[in-house]
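Protein chains: 2
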Amino acid sequence: MIEAKQGVGRVAAFERIDPAFQLTVRDHVYRAIRSAILSGAFATGEKLNERQLAEQFGVSTTPIKEALRQIETEGLVETLPRRGIAIRFSMQWAEEMILARAALESMIARLAAKRIDKPSGAELLATVDVMKTATKSGDADKLIALNETFHDHIHRSSRCGYLAKLIERQQFYDASIRRIIHLDPAERQKALDEHASIADAIVIGDADLAERLMRNHVVRSGETYLSIVFGQQKAPE
Amino acid sequence: MIEAKQGVGRVAAFERIDPAFQLTVRDHVYRAIRSAILSGAFATGEKLNERQLAEQFGVSTTPIKEALRQIETEGLVETLPRRGIAIRFSMQWAEEMILARAALESMIARLAAKRIDKPSGAELLATVDVMKTATKSGDADKLIALNETFHDHIHRSSRCGYLAKLIERQQFYDASIRRIIHLDPAERQKALDEHASIADAIVIGDADLAERLMRNHVVRSGETYLSIVFGQQKAPE
DNA sequence: ATCTGAAATCTGATATACCAGATGTCACGC
DNA sequence: GCGTGACATCTGGTATATCAGATTTCAGAT
Numbered sequence: 001m002i003e004a005k006q007g008v009g010r011v012a013a014f015e016r017i018d019p020a021f022q023l024t025v026r027d028h029v030y031r032a033i034r035s036a037i038l039s040g041a042f043a044t045g046e047k048l049n050e051r052q053l054a055e056q057f058g059v060s061t062t063p064i065k066e067a068l069r070q071i072e073t074e075g076l077v078e079t080l081p082r083r084g085i086a087i088r089f090s091m092q093w094a095e096e097m098i099l100a101r102a103a104l105e106s107m108i109a110r111l112a113a114k115r116i117d118k119p120s121g122a123e124l125l126a127t128v129d130v131m132k133t134a135t136k137s138g139d140a141d142k143l144i145a146l147n148e149t150f151h152d153h154i155h156r157s158s159r160c161g162y163l164a165k166l167i168e169r170q171q172f173y174d175a176s177i178r179r180i181i182h183l184d185p186a187e188r189q190k191a192l193d194e195h196a197s198i199a200d201a202i203v204i205g206d207a208d209l210a211e212r213l214m215r216n217h218v219v220r221s222g223e224t225y226l227s228i229v230f231g232q233q234k235a236p237e
Numbered sequence: 238m239i240e241a242k243q244g245v246g247r248v249a250a251f252e253r254i255d256p257a258f259q260l261t262v263r264d265h266v267y268r269a270i271r272s273a274i275l276s277g278a279f280a281t282g283e284k285l286n287e288r289q290l291a292e293q294f295g296v297s298t299t300p301i302k303e304a305l306r307q308i309e310t311e312g313l314v315e316t317l318p319r320r321g322i323a324i325r326f327s328m329q330w331a332e333e334m335i336l337a338r339a340a341l342e343s344m345i346a347r348l349a350a351k352r353i354d355k356p357s358g359a360e361l362l363a364t365v366d367v368m369k370t371a372t373k374s375g376d377a378d379k380l381i382a383l384n385e386t387f388h389d390h391i392h393r394s395s396r397c398g399y400l401a402k403l404i405e406r407q408q409f410y411d412a413s414i415r416r417i418i419h420l421d422p423a424e425r426q427k428a429l430d431e432h433a434s435i436a437d438a439i440v441i442g443d444a445d446l447a448e449r450l451m452r453n454h455v456v457r458s459g460e461t462y463l464s465i466v467f468g469q470q471k472a473p474e
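Order-wise, the sequence lines are chains A and B. Start counting the first sequence at 1; every next residue gets the next number (this note's numbering). Start counting the second sequence at 238; every next residue gets the next number (this note's numbering).
Derived from the structure by calculation, the hints contain no laboratory data. Each residue gets a CB set at the ideal place from its N, CA and C atoms; glycine is no exception. Hints may be right or wrong, so weigh each one.
[Said to hold, decoys possible] The calculated DMTMM-like cross-link candidates involving lysine to aspartate or glutamate, where the alpha carbons are at most 25 Å apart (straight line), are:
(1) K118/A with D200/A
(2) K351/B with D208/A
(3) K402/B with D193/A
(4) K165/A with E460/B
(5) K402/B with E95/A
(6) K402/B with D174/A
(7) K402/B with D27/A
(8) K165/A with E309/B
[Said to hold, decoys possible] With the Cβ distance kept under 10 Å, some of the chain A side facing chain B (calculated, not the full set):
(9) D27
(10) A54
(11) R69
(12) Q70
(13) G75
(14) P81
(15) I85
(16) M97
(17) L99
(18) L111
(19) D139
(20) K142
All chains, full assembly: derive it from the sequences and hints.
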């Protein structure tokens, strides 16, 4: 659908570039370090060195410092002034990130149930239908994308920008790990059932039910990811 | 109570200095800017200028940049590469911070109810008792301190460091505003009743009840703060 | 009067140099 | 042998200069 501005018919329908797309060095470094930490490349308590990181990335320390400040604010590392930067992330940290995400996603599901309108509700149910198909055919990549679409729909329906942003930071696994999970047919089916019932609860406006289902879904699937990322590790006895 | 180390009786009982105490320029700037934003010193969408801030604080841009990165990660401002730094905080943002805090605090209350031990439970109830006294006498400052103690007890009992840290960032009002609230006897009584029932629920281990009571408490008191900070503003109709 | 586009200017982004606290090393004196 | 303390060194913290994208300004063309 092309919308011409000011009645001039021949302007091409190029979408505005999202300013956040701009790849700064800082942003690249931020993602790289964050992802490395979350994938377990560093042991808890291990030290990071600003100069060394700068050398590895082939940049100055300035963008490194800024990226580390962001990662610090997220809680993944702790900066000890003039003593070093220590990794804080651990299995227990990941467990709590799941709990945080469960709390926030269930809150947002509750609000979505109260605020969703007819068209969005229909879209949400339609997404679930597509998921059913993808689940049967076992298309893992498509399921991963649909999963994101599903949660995005709910976030938008809740009209909560801040909460949605906060939730994004509570993810400690990436697409490659999701793919592993989606290879298991039983897991796919379980996720589908949960998504379907969550969508139903939101569309009929049952806030309490949507909240509860969402929390259970996030905790359950989170624990599955946890066992994959951290293997058979157990919390300290 | 003095604990001598290694049996040497004459060593003074100096406590270890918390490394986080060190006041760096960055940290000072971070707190100052954050507090200014939360107190409404800037309009939503208003631009901040790194050089100008550096000049105002009388420091270079380096600590300013790092502080802004932290504030950005919290979601209070948005950095548009090479275009400026825009304030994102608004009444709606504050409303969502309340919801986030409600979601996280209720999750932590749920865990505290499951994990609290006898001594901590007794301490929690004791804190509520002291609160009763302070409520009657109307000592606002003491109540503010006790409030913090109360929530800290619960955070510690939940054994969740990450969640507790995340919750800290969801506070948009400071002590001076709390004092205003605590001047109202009716408000004091309401808060006391809520605290008492939350403590009871946690101590008897009723996770569902603790969660629900905590959420309602945070939302209700949050809305009170909201109305004070933002006056009679209303969300866009 | 209006549109175009080059140049001035504003802003954050990055690089580099240097500062200062924290830590480790090791010769020295008991 | 062992505790002491000066000093080398490591680390993040801060200051400053410069780079480059974004925006604004405004002369010149239509």
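So, going through the hints one by one against the coordinates:
1. Pair hint K118/A plus D200/A holds up; C-alpha atoms about 13 Å apart against a cutoff of 25 Å.
2. Simply put, K351/B and D208/A have alpha-carbon atoms about 22 Å apart, close enough for the 25 Å limit, and the pair holds.
3. Straight-line distance between C-alpha atoms of K402/B and D193/A comes to about 34 Å, which puts the hinted pair past the 25 Å bound.
4. Only pairs whose Cα atoms come within 25 Å are accepted, and K165/A paired with E460/B is accepted, the gap being roughly 22 Å.
5. Using a Cα cut-off of 25 Å, the hinted pair K402/B and E95/A holds, with the two alpha carbons roughly 14 Å apart.
6. Distance check on the hinted pair: K402/B and D174/A sit about 24 Å apart at the alpha-carbon level, within 25 Å; holds.
7. Restraint check for K402/B and D27/A: the C-alpha separation of about 24 Å stays at or below 25 Å, so the hint holds.
8. For the hint linking K165/A to E309/B, the alpha-carbon distance of about 11 Å falls within 25 Å, and the restraint holds.
9. Interface hint status for D27/A: upheld, as the beta-carbon distance to the closest one in chain B is roughly 8 Å, under 10 Å.
10. Hint status for A54/A relative to chain B: violated, with the closest Cβ pair at about 14 Å, above 10 Å.
11. With a cut of 10 Å, the hint placing R69/A at the interface with chain B holds, because the nearest CB-to-CB distance is about 4 Å.
12. Hint status for Q70/A: holds, given a least beta-carbon distance of 5 Å to chain B, under 10 Å.
13. Given hint, G75/A at the interface with chain B, holds; its Cβ is 5 Å from that chain's nearest Cβ, closer than 10 Å.
14. With 10 Å as the threshold, the beta carbon of P81/A comes within range of chain B, its nearest partner Cβ sitting at about 5 Å, so the hint holds.
15. Using the Cβ-Cβ criterion of 10 Å, the hint placing I85/A at the interface with chain B is not satisfied: the shortest such distance is roughly 12 Å.
16. With a cut of 10 Å, the hint placing M97/A at the interface with chain B holds, because the nearest CB-to-CB distance is about 7 Å.
17. Using the Cβ-Cβ criterion of 10 Å, the hint placing L99/A at the interface with chain B is satisfied: the shortest such distance is roughly 6 Å.
18. Interface hint at L111/A: satisfied, since its Cβ lies 7 Å from the closest Cβ of chain B, which is below the 10 Å cut-off.
19. With a least beta-carbon distance of about 33 Å to chain B, the hint placing D139/A at the interface is violated under the 10 Å criterion.
20. Checking K142/A against chain B: minimum C-beta separation of about 31 Å lies over 10 Å; hint violated.
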